[in-house]
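Protein chains: 2
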Amino acid sequence: MAELSGERFRVWYRLSGDAKTAREKAEDICVEQTVEFPRELVQENAAGVIGQVESFEMLDPTHSLACITFAAETVGTELTQLINVVFGNISLKPGIRVERIELSAGLLGALKGPRLGRDGLRARLGVLQRPLLCTALKPMGLAARDLAKLAYELALGGIDIIKDDHGLADQSFAPYRERVQYCVEQVERANRETGYRCIYVPNVTASNHELAARADFARRAGAGGLLVAPGLTGFDAMRSLADDDRIALPILSHPAFQGSMVTNPDNGFSHYALFGQLPRIAGADATIFPNCGGRFSFSCEECASIAQGTLAPMGHLKPIFPTPGGGMSLERVPKMLDIYGRDVIFLIGGGLHQHGSDLIAACRYFHKLVATM
Amino acid sequence: MAELSGERFRVWYRLSGDAKTAREKAEDICVEQTVEFPRELVQENAAGVIGQVESFEMLDPTHSLACITFAAETVGTELTQLINVVFGNISLKPGIRVERIELSAGLLGALKGPRLGRDGLRARLGVLQRPLLCTALKPMGLAARDLAKLAYELALGGIDIIKDDHGLADQSFAPYRERVQYCVEQVERANRETGYRCIYVPNVTASNHELAARADFARRAGAGGLLVAPGLTGFDAMRSLADDDRIALPILSHPAFQGSMVTNPDNGFSHYALFGQLPRIAGADATIFPNCGGRFSFSCEECASIAQGTLAPMGHLKPIFPTPGGGMSLERVPKMLDIYGRDVIFLIGGGLHQHGSDLIAACRYFHKLVATM
Numbered sequence: 002m003a004e005l006s007g008e009r010f011r012v013w014y015r016l017s018g019d020a021k022t023a024r025e026k027a028e029d030i031c032v033e034q035t036v037e038f039p040r041e042l043v044q045e046n047a048a049g050v051i052g053q054v055e056s057f058e059m060l061d062p063t064h065s066l067a068c069i070t071f072a073a074e075t076v077g078t079e080l081t082q083l084i085n086v087v088f089g090n091i092s093l094k095p096g097i098r099v100e101r102i103e104l105s106a107g108l109l110g111a112l113k114g115p116r117l118g119r120d121g122l123r124a125r126l127g128v129l130q131r132p133l134l135c136t137a138l139k140p141m142g143l144a145a146r147d148l149a150k151l152a153y154e155l156a157l158g159g160i161d162i163i164k165d166d167h168g169l170a171d172q173s174f175a176p177y178r179e180r181v182q183y184c185v186e187q188v189e190r191a192n193r194e195t196g197y198r199c200i201y202v203p204n205v206t207a208s209n210h211e212l213a214a215r216a217d218f219a220r221r222a223g224a225g226g227l228l229v230a231p232g233l234t235g236f237d238a239m240r241s242l243a244d245d246d247r248i249a250l251p252i253l254s255h256p257a258f259q260g261s262m263v264t265n266p267d268n269g270f271s272h273y274a275l276f277g278q279l280p281r282i283a284g285a286d287a288t289i290f291p292n293c294g295g296r297f298s299f300s301c302e303e304c305a306s307i308a309q310g311t312l313a314p315m316g317h318l319k320p321i322f323p324t325p326g327g328g329m330s331l332e333r334v335p336k337m338l339d340i341y342g343r344d345v346i347f348l349i350g351g352g353l354h355q356h357g358s359d360l361i362a363a364c365r366y367f368h369k370l371v372a373t374m
Numbered sequence: 002m003a004e005l006s007g008e009r010f011r012v013w014y015r016l017s018g019d020a021k022t023a024r025e026k027a028e029d030i031c032v033e034q035t036v037e038f039p040r041e042l043v044q045e046n047a048a049g050v051i052g053q054v055e056s057f058e059m060l061d062p063t064h065s066l067a068c069i070t071f072a073a074e075t076v077g078t079e080l081t082q083l084i085n086v087v088f089g090n091i092s093l094k095p096g097i098r099v100e101r102i103e104l105s106a107g108l109l110g111a112l113k114g115p116r117l118g119r120d121g122l123r124a125r126l127g128v129l130q131r132p133l134l135c136t137a138l139k140p141m142g143l144a145a146r147d148l149a150k151l152a153y154e155l156a157l158g159g160i161d162i163i164k165d166d167h168g169l170a171d172q173s174f175a176p177y178r179e180r181v182q183y184c185v186e187q188v189e190r191a192n193r194e195t196g197y198r199c200i201y202v203p204n205v206t207a208s209n210h211e212l213a214a215r216a217d218f219a220r221r222a223g224a225g226g227l228l229v230a231p232g233l234t235g236f237d238a239m240r241s242l243a244d245d246d247r248i249a250l251p252i253l254s255h256p257a258f259q260g261s262m263v264t265n266p267d268n269g270f271s272h273y274a275l276f277g278q279l280p281r282i283a284g285a286d287a288t289i290f291p292n293c294g295g296r297f298s299f300s301c302e303e304c305a306s307i308a309q310g311t312l313a314p315m316g317h318l319k320p321i322f323p324t325p326g327g328g329m330s331l332e333r334v335p336k337m338l339d340i341y342g343r344d345v346i347f348l349i350g351g352g353l354h355q356h357g358s359d360l361i362a363a364c365r366y367f368h369k370l371v372a373t374m
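Heads up: the protein sequence lines correspond to chains Y and V, in order. To convert, count from 1 in the first sequence and add 1; that's the working numbering. To convert, count from 1 in the second sequence and add 1; that's the working numbering.
The following block holds chain Y by itself, in its conformation from the complex:
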């Protein structure tokens, strides 16, 4: 017989349909995500692992919110299986959206969470109050030396975090190792001139067998953080990099390939859970997402909810930085400050290049704009 400690964690699901349909969906989730077996055939020795509907309320005539609890034992200690219990098979069923996850003490205890979080990253960068400035090295197609030249100018202009564009992997025009080496050199050179502590953050999203080696190379080369797209690598791969004490670098989470989880309001995840909670659970120190008003389609309310997910209490898991980007311009900085407050990383890529022909001047303008906030 399955021995259960009584420890349970909670997941809130938003369900589509009238009250009867939604209640059936809630009961279905309890079974589908655990025993996945006709309920009437589940014998006593397994019945305890079936999920339980703790609360149910109608939000409007066609949507409801159900809180379902699961025995911690259904997960064990692995993040892959946690995500599987939260939204594995039921991702294939329409009308179910994960709104919020509340982990139990034991499950939280199995997670290290973000290594630095907001305070740790601020301390490392020596920027204690103002919003942090981030940009991306691009476009793909430039040679490593050209990207490094850009990195130098961006660092000279006062950017705090210079990350690879997420499309820079290990292509022939700018191979990973060469790129990392050159970019670190140029950012360090700029730091010597400015006295700033800008970091270069290479994209280590890579083949499964290459991931740890890329991260280790980055560390040895002197990179200041790692960019990972967990939609491509799996969330647990990001966690494994975050947890690695030999690497000990801050992690920026990139949303590539995760969009379909939020484009249908009746299936997938809330923005809060997908871009606020999950990256934090998986050890990221900052979560990149497309800001409202840019070239993507998130609303300002959705973006604000992500920021809430980065900060809401989750045991010992540190708050992390919301990092809105995606077609942002310098003109939108004040509006972004309204939404996020000062605990934010502003990610502006192409917008810096569009600000004028002098990239260093554009960065300095950006830096000055934010420094007074």
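Simulated from the structure, these hints should not be mistaken for lab results. Certain hints may be false.
Facing chain Y, from chain V, some residues (calculated, C-beta under 7 Å) [said to hold, decoys possible]:
1) E79
2) G89
3) S298
4) S330
5) L338
Selected chain V positions facing chain Y (Cβ under 10 Å, derived; list incomplete) [as the list claims (entries may be wrong)]:
6) C31
7) E58
8) E186
9) E189
10) R190
Pairwise CB distance ranges, derived in the manner of DEER restraints [unchecked claim]:
11) V/A372 - Y/R40: 23 to 33 Å
12) Y/K150 - V/A48: 15 to 25 Å
13) V/R193 - Y/G7: 19 to 29 Å
Remember, it's a predicted structure, so these values are computed and weren't measured experimentally. Note that CB positions come from ideal geometry on N, CA and C, so glycine has one too.
Since the structure of chain Y is provided, determine the placement of chain V on it from the hints.
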């Protein structure tokens, strides 16, 4: 300057909106998935990597199909970056669905693809013509010995492939290593009695640092295949297991956590691409998906399109088995044969248990039903 060989691969996207909107979307994909930079600022040395719209046709007044080609160099050789170019950032934009992927010779050459494919798996199981029979060990909550007892009965009844339910990970009630050991023993015992060559396929979906160790343990214990949910591990993790010559076991791909990619018809992937092409690209020998008429919501046309994706020419990538399951009953077997033909793995889980109180008899009935096909 980015040196390009001229090798390009094709992706067909279904776009929402009128002709003007859709054409703009197509042009946007070309930029967003490559340089991710204002087109007017991209200089000659990077411009070659921007995608190109090869063809565009309206499907109906609000949907179109665009074929976009990308330079092979945008990918390099990594599956993570291939998926990123196909649907990384644009997953975050509404109204874009990947219909079909046509890899170039060089990219195909970098992939091993399925180790066994349909013919190889048939040869290994000694079943050359009829559909293959598969079931899942469940429910979660049973002890390893109880699951192994079930495995014995299922194998005795003539099932070809006994896989773990995808919810069985490394939980306290049936720890992975114990479960694998017992289940292999009991399946081998049944095989000695029947003369069949049933295989046990444990679920190795696990933490990133555990994945290879689980697979290796399975091989050494005598398991006959591996179950992986690439939505949880990342596609490349599945590929790494498939490519590993020391393991050399067939791979079953499970769709957990991938559902949101297909629940919105205007964003994500076609069933053909997500469940037919991608698992094959990532080295699976069989692709599990919810059959029409079961407890999920795929239509029979969508299921048939998956089967097409498992078979359509893709260079040296072997055809793989469509493996419809998800609330199937024995009564639906003839209908499934209509859809899939004989090159199919029938996955029936709870349905075998619902067929009557004698599990072995239910399996024998299933076996006989299929043997005459």
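Cross-check of the supplied hints:
Taking 7 Å as the C-beta cut-off, the interface hint given for V/E79 holds, the closest approach to chain Y being about 5 Å. About 4 Å separates the beta-carbon of V/G89 from the nearest beta-carbon of chain Y, less than 7 Å, and the hint is met. A hinted interface residue such as V/S298 counts as satisfied when its beta carbon comes closer than 7 Å to some beta carbon of chain Y; here the least separation is about 6 Å, so the hint holds. Interface hint at V/S330: violated, since its Cβ lies 11 Å from the closest Cβ of chain Y, which is beyond the 7 Å cut-off.
At its closest, the beta carbon of V/L338 sits 23 Å from a beta carbon of chain Y; the interface hint therefore is violated under the 7 Å criterion. Residue-level restraint check for V/C31 is violated (minimum Cβ-Cβ distance to chain Y is 12 Å; threshold 10 Å). Below 10 Å, beta-carbon pairs count as interface contacts, and V/E58 has none with chain Y, the closest being about 24 Å; its hint is therefore violated. Of the supplied interface hints, the one on V/E186 is violated, with its beta-carbon coming no nearer than about 21 Å to a beta-carbon of chain Y, more than 10 Å.
At its closest, the beta carbon of V/E189 sits 25 Å from a beta carbon of chain Y; the interface hint therefore is violated under the 10 Å criterion. Nearest Cβ of chain Y to the Cβ of V/R190: about 23 Å, over the 10 Å cut. The hint is violated. The given range of 23 to 33 Å is respected by V/A372 and Y/R40, whose C-beta atoms sit roughly 32 Å from each other. The beta-carbon spacing between Y/K150 and V/A48, approximately 18 Å, falls within the hinted interval of 15 to 25 Å.
Separation of V/R193 from Y/G7 is about 43 Å and departs from the stated range, judged on CB atoms against 19 to 29 Å.
Checked against the numbered hints given earlier, this structure breaks hints 4, 5, 6, 7, 8, 9, 10, 13; the rest are met.
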